[in-house]
Every structure is written in structure tokens, then in C-alpha cells.
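This is what each chain is made of:
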Amino acid sequence: MSNSDPIINIRDLRKIYRNGKVAVEALRGVNLDVAQGEFLSIAGPSGSGKSTLFHIVGGLTPPTSGEVIVAGENVSKVGDAGRTELRRKCVSFVFQKFNLLPNLTARDNIRVALYISGKGKAGFTAEFATILDLLGIAGRLDQKPNEMSGGEQQRVAIARALATGPAILLADEPTGNLDTANSLAVLTLLRDLNTRLGQTILMITHNVEAAEYGHRIVHMRDGRIVETADAA
Amino acid sequence: MTFRLVWENIAHRPLRTLLSVLMIAVPVTLILTLIGLSTGFVEDSRRRQNGVGADILVKPNGASLVGFTNATMPLKMVTMLEAEPHVAQAMGEVVATIGGFDAIMGIDPPAFKRMSGGFDFDSGHDFQAPDDILIDSWYADQAHVKAGGSLTLLSHKWNVAGIVEPGKLGHIFAQMAPLQQLEGGEGKVTQIYLKLDDKAHMNEVIEYLRKKYDGFPIVSMAELQSLISVDKIPLLSTFLHVIEGIGVVIAFLVVALSMYMAVLQRTREIGILKSLGATRGFIMTLILAEAFCLGLGGTVFGVVFSYGAAAAIHAVMPASLPVAIVYSWWPIAGGIAMGAALLGALYPAMIAVRLDPIEALAYE
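As they're listed, the protein sequences go chains A and B.
If you're matching positions, the first sequence starts at 1 in my numbering and goes up one per residue.
If you're matching positions, the second sequence starts at 1 in my numbering and goes up one per residue.
Think of the hints as simulated: they come from the structure by calculation, not from any bench.
Just so you know, even glycine gets a beta-carbon here, dropped at the ideal spot from N, CA and C.
Careful, some of the hints might be misleading.
As the list claims (entries may be wrong) - Not the full set, but computed from the structure, chain A residues with beta-carbon under 10 Å of chain B:
# : residue
1 : N9
2 : R11
3 : R14
4 : G59
5 : Y115
6 : F124
7 : H206
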């Protein structure tokens with residue numbers, strides 16, 4: 001793990017959702033630094049604010065107040081176009097439900113991500129081919145999602161996320177839809193990617209065992225970070 | 001990659017794609033068929049006028065140049081006009097409309113033969129009795145009648161003496177005198193055709209006749225043919241504009257509904273693209289490109305269907321409803337369909353680009 005300047009810097013982050021006249025405070029003054037190359041697990045029960053934090057760091061929704069700097073971009077001061085640019089250039093997502101485009105093969109799912117990021121013409125690099133081998137899906141690239149197991153789909157989703165060379169990989173309950181064996185395989189993969197490639201990973205999970213795969217575990221409750229601990 | 005995404009979206013839902021394409025094809029077919037009908041009608045009129053072999057047409061005093069009036073010109077005018085300078089022959093004609101666009105042309109057979117060269121018979125023979133009529137092969141097909149059969153027209157039973165080749169004056173021919181009697185216009189004709197001894201004197205003769213026969217519409221056949229066009233028939237051109245408008249509305253609604261459903265069905269996929277960093281422009285391009293493809297498919301199907309419609313109409317009413325295939329209208333009809341398709345996709349595209357990525361990703 002590298003201990004250089006934090007790649008994610010969050011100060012007094014607040015997020016309020018309004019539903020009619022009802023205001024729900026999802027984040028209540030979160031402060032967090034994530035170092036480059038760190039594998040950080042964010043754990044907490046439903047409604048703790050971990051998903052909201054994830055969405056703000058990923059540029060999927062703006063904060064209500066506070067400062068969020070991701071890979072040098074001040075997310076709290078950019079508009080929709082700026083957040084789109086952040087998703088295009090700096091962050092990639094791995095979701096619980098895989099979220100692959102169902103009409104496309106695994107290869108095309110990855111190509112779409114490359115195309116959108118502006119790296120479409122480069123094709124698959126030798127380095128990326130190594131990642132595909134590591135993920136064990138090099139022979140499954142011409143299959144469509146409905147022809148793959150959940151574990152395979154999640155590996156394709158990880159490959160898609162890594163194809164663009166993101167500064168940060170954001171994983172939202174990546175093992176939530178997988179059986180035990182596939183969960184272990186995916187978590188091991190994430191840790192390998194972090195170790196071998198120095199990939200910064202921010203993983204949300206409510207599973208304590210999964211959280212242990214990170215270097216550090218941040219526990220959240222009621223929109224606040226209540227505990228930070230190094231993994232065992 | 002954009003094309004790949006669009007194509008996969010189209011191919012992934014073949015039934016929706018096919019229905020959308022077929023629905024867009026409807027207005028394209030409608031437009032092309034109606035244009036084909038109006039153009040076919042105009043071309044048929046021109047061909048038949050051309051087949052007369054005349055140089056100048058004289059219509060009754062105060063009559064319109066396009067369309068028919070009752071027989072009001074005295075037959076003696078035929079003799080008078082034939083005596084005018086450079087007029088080699090004058091031929092009177094009685095036109096009795098029988099409903100729709102059809103009419104019986106009452107002719108003086110020897111005069112008609114001299115001016116036009118006569119009929120080319122497919123079967124049967126020339127006029128022999130007062131109740132004899134000749135019909136061209138198109139009308140014979142339409143009326144399902146052969147030479148030797150009979151037809152009741154204007155509440156009168158006619159003997160079909162012969163079937164002739166189409167392209168001269170009309171589709172149904174009777175001798176002038178019995179038709180005049182039937183119409184109560186003895187000694188009157190509807191219009192008079194003139195053939196000149198030398199076409200070089202055309203303008204000079206027309207100018208002379210217009211002065212001498214003041215108030216009678218007198219035109220060269222070339223000028224008459226230029227007047228018979230879709231643009232110069234006010235009701236027809238208005239009708240066509242209305243049909244174009246209906247075509248635009250149908251294509252617009254079809255594509256709007258289709259693309260709206262597509263955007264709803266694809267909400268999650270749009271969310272995925274947004275999570276990958278797809279810009280609003282990229283997503284809008286995808287939706288509009290898909291609408292463009294649907295419009296293009298609809299145009300191709302519409303053109304193919306217009307051939308089918310033309311064949312069907314020709315099989316049923318070849319004489320009354322002649323249909324032409326008007327190639328120049330293919331891009332126009334296609335442009336209307338694709339323009340409406342893009343317009344219809346615009347609102348769904350706006351919805352797509354405004355989707356909240358988190359809500360879109362959570363969409364089931």
C-alpha cells in the first residue's frame with residue numbers, strides 16, 4: 001500500500017434527501033481520507049449512509065455541503081457534466097447486480113466502457129490481457145451475460161471497471177449476489193488486483209468477513225463514521 | 001461502437017422493432033400510393049390527350065381548361081373551325097361522365113381515325129351499330145367484360161364491339177350521335193380538337209382564333225398538358241398536403257410511443273451507460289440513431305408496400321385509378337418518415353438524458 005497524498009479527501013460531507021416536505025439527512029458531517037493504492041472497506045447496516053457516500057465519491061449524485069476531492073477533482077464544486085467527466089476518467093464501478101449490458105457480449109461490454117472513456121481505439125492492451133487472465137474470463141469474452149454464471153458476470157464487471165485504468169475502483173456489495181465460493185473468489189481477486197496493480201479500491205459491504213479483505217475498515221452508522229480500524 | 005450499441009438494441013427486441021418499422025411504413029405507403037395515384041391519373045390523362053394527335057383544343061365559352069363541362073358548343077363550330085386558316089382538321093367530341101373519374105367519349109369515328117390514326121384493336125371490331133361501344137383493355141379488365149359482351153352505362157345497355165389498346169383520348173368510346181341523344185345534347189359537342197397543316201403556325205393560329213372566338217378557352221395541346229399536373233389542380237394538391245400531414249403525425253406518434261417504451265424498458269441500461277461516464281450527448285445520439293434506423297426501415301418497407309398497393313389497385317381498377325411509381329417521391333416520403341421519427345424520439349431522448357443514474361440503476 002502506498003502512503004502518498006490521499007486520492008480521496010472528504011471534509012464535513014453532508015447529504016440531505018428531500019421527499020416532499022420530509023428531509024432525510026443521509027450523511028452528517030463525514031470526514032475521510034483514502035490513500036492511493038489503499039483497499040478500504042466501508043461497512044455498516046442499511047441506512048447508515050455508506051451507499052450515499054459511495055454515490056457521492058463516484059460522482060453519481062452531488063453532495064449537499066462539504067468538500068469531496070476525488071483524484072484531484074473537487075466533486076462538490078462541479079455540475080452534472082463535471083461528475084460525468086469524473087466517472088469517465090477517474091472512477092469505475094462494480095455493482096452488486098453486475099449491471100452488464102444484456103444485449104452485448106462480455107467483450108463488447110468492456111469495449112463500451114473503453115469507448116465511452118475515449119480509449120476505444122486502443123483496444124485491449126497486453127496489461128489488460130493479463131488482468132483478463134487473472135480474472136479467468138479470457139475464454140468467455142464472446143458470451144453474453146445470460147450465458148454466464150453470476151461469478152463470471154461479476155468478473156466481467158470487474159474487467160470492465162479496470163479496462164479504463166481508473167484511479168479508483170468503487171465496489172458496491174460486489175459479493176451480494178454471489179454464493180460463498182464465488183464471493184471468496186471475487187474478494188480474493190480484488191485483493192490481488194490491489195496488491196499486484198496498486199489499484200485503489202473502495203468497497204461497500206455489510207458483510208464483516210468481506211470487509212476484512214480491505215486494509216482498513218470504516219464503520220458507519222446514522223450518516224456518520226463511527227469507527228475506523230485496520231483489518232485483521 | 002455507437003452503431004453496435006444501436007444495432008444490438010434494435011436486434012435485441014425484434015418484435016418491437018418490426019412493429020415500429022411496419023407502423024412507420026404505413027404513412028410512407030400512404031403517401032407514395034396517393035402520389036402514385038395522382039401522378040398516374042395525370043400521366044394517363046396526358047398520354048390519352050397526346051394520343052388524339054391534335055394540336056389545339058377549343059373549349060366552350062367560359063369553360064375551365066381542366067375538367068369537363070356539358071356539351072354546349074354547336075356542332076357547326078366544327079365546320080367553322082375547320083375552315084379557318086392552317087386548320088387541316090377539326091374534330092368535335094362529346095364527353096359524358098359516368099361517375100368518379102370515368103367518362104364516355106363520344107366521337108365521330110372517321111374524323112377520329114383521320115386525326116389519331118384510329119384504334120389498335122386487341123379483339124372485336126369497329127363501331128357497326130348505334131349502341132356499340134369500344135373500350136380499352138384497362139377498362140375491359142376493370143369491368144371484366146370482353147368483346148361481344150355488354151355494359152350498362154348512363155342507364156343504357158351498350159354492346160361492347162371491340163377492345164382497343166389504351167392511350168387514345170379515353171377509356172370508353174361511343175359514336176357521337178347516340179351519345180348526344182342520350183345526354184339530350186343533339187347538335188352539341190363538349191370540346192373541339194384542331195389539327196394544323198403545319199405546327200409552325202401554332203402561335204399565329206391560336207392568337208387569331210382567340211381574337212375571333214373571344215371567351216372560348218383555346219390552347220395548344222402542349223400547354224394543356226402542362227396544365228394537367230398535380231400542383232395545378234388546387235383540390236388535389238391540398239389533398240396531398242393533408243395526407244403528408246397525416247403521414248407525419250402517424251410516424252411521429254408511432255416513433256414517440258415506441259421510443260418512449262424503449263427508454264422505459266432500457267432505463268437500467270441507460271443508468272449503466274451513465275455510470276460508465278456516458279455523456280448526455282452520447283445517450284441522446286443512441287436514442288436518435290435508433291429512431292433514424294427505425295425510420296429508414298419504415299421507409300424501405302413503405303416503398304416495398306407501395307409496389308404492392310400499386311399492383312393491387314391496378315388489378316382492381318386499372319382504368320379508373322391508374323397508379324404510377326414515382327421514384328422522386330421516395331426520398332421525400334422517407335424524409336417525412338425519418339423527420340417525424342426523429343421528432344418523435346426527441347422527447348424520449350430528453351427523458352433518457354435526464355434520468356438520475358442512481359434511480360436508473362435501481363430500476364427493475
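Numbers of the earlier hints that this structure fails to satisfy, in rising order: 1, 2, 3, 6, 7
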